[in-house]
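2 protein chains.
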Amino acid sequence: MMKVKIYVTLRESVLDPQGTAVKSSLHAMNYTEVQDVRIGKYLEVTMEPTERPLDEVVKEMCEKLLANTVIEDFEYEVEEAVTR
Amino acid sequence: MMKVKIYVTLRESVLDPQGTAVKSSLHAMNYTEVQDVRIGKYLEVTMEPTERPLDEVVKEMCEKLLANTVIEDFEYEVEEAVTR
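So the sequences go chain by chain: A and B.
Counting from 1, position 34 in the first sequence corresponds to residue 34 in my numbering; the numbering is continuous, with no gaps.
Counting from 1, position 15 in the second sequence corresponds to residue 15 in my numbering; the numbering is continuous, with no gaps.
Warning: the hint list may mix true and false statements.
No distinction is drawn between identical chains; accordingly, a pair holds when it is met within one copy or between any pair of copies.
What the hints assert, rightly or not - Calculated pairs, SDA-like style, for lysine to any residue (alpha carbon to alpha carbon, straight line, at most 20 Å):
hint: 1; residue 1: Lys41; residue 2: Pro53
hint: 2; residue 1: Lys64; residue 2: Tyr76
hint: 3; residue 1: Lys64; residue 2: Glu80
hint: 4; residue 1: Lys41; residue 2: Arg52
hint: 5; residue 1: Lys5; residue 2: Lys64
No lab work stands behind these hints: they were computed from the structure.
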């Protein structure tokens with residue numbers, strides 16, 4: 001069993017109103033050190049071994065469903081041998 | 001300047017309907033290897049150096065605003081010297 005950790009982030013050039021709102025809240029709470037906040041998604045996908053190379057499968061899943069590649073980037077890392 | 005990467009995840013015992021929906025979609029797309037999907041938030045916070053220890057500040061921000069510690073856990077890692 002493998003655990004794939006996927007990070008989906010808005011592309012640099014895309015405005016992030018949710019992040020801006022969180023930044024304002026942090027400033028209002030006196031965390032004035034905060035310069036910028038960007039908010040993305042974090043997915044943990046538990047998978048059985050795949051017939052095709054895992055990288056290929058994960059990339060395809062991200063491109064087809066998990067990320068909107070027009071406005072989002074994704075990265076992932078794989079942890080092997082998860083026992084739950 | 002420091003970049004803090006914060007991962008907010010639902011606690012193990014908390015149901016994740018969004019994750020379940022994504023799992024169903026992946027199965028419908030024939031990614032039957034997928035066993036489980038959990039969805040969380042990923043935040044990138046760019047910060048100036050803090051007077052107090054950074055760990056203390058980040059933990060406090062998470063507990064007060066970024067995570068709901070009743071149902072969510074958080075982890076973070078710090079990357080130093082970001083130039084943008």
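When no copy is specified for Lys5 and Lys64, does a C-alpha distance of 20 Å or less occur within a copy, between copies, both, or neither?
within (17 Å within a copy, 26 Å between copies)
Q | Homomeric proximity label, Lys41 with Pro53: Cα distance no greater than 20 Å | A | Cα proximity of Lys41 and Pro53: none, with 24 Å in one copy and 27 Å across.
Is the C-alpha distance from Lys41 to Arg52 at most 20 Å within one copy, between copies, in both cases, or in neither?
neither (26 Å within a copy, 29 Å between copies)
Exercise for review: Can you give me the call for Lys64 and Tyr76, within, between, both or neither, at a CA distance of at most 20 Å?
Suggested key: Cα proximity of Lys64 and Tyr76: one copy only (15 Å, versus 28 Å across).
message = At most 20 Å between CA atoms: does that hold for Lys64 and Glu80 within a copy, between copies, both, or neither?
response = neither (24 Å within a copy, 34 Å between copies)
Going through the hint list in order, the structure does not satisfy hints 1, 3 and 4.
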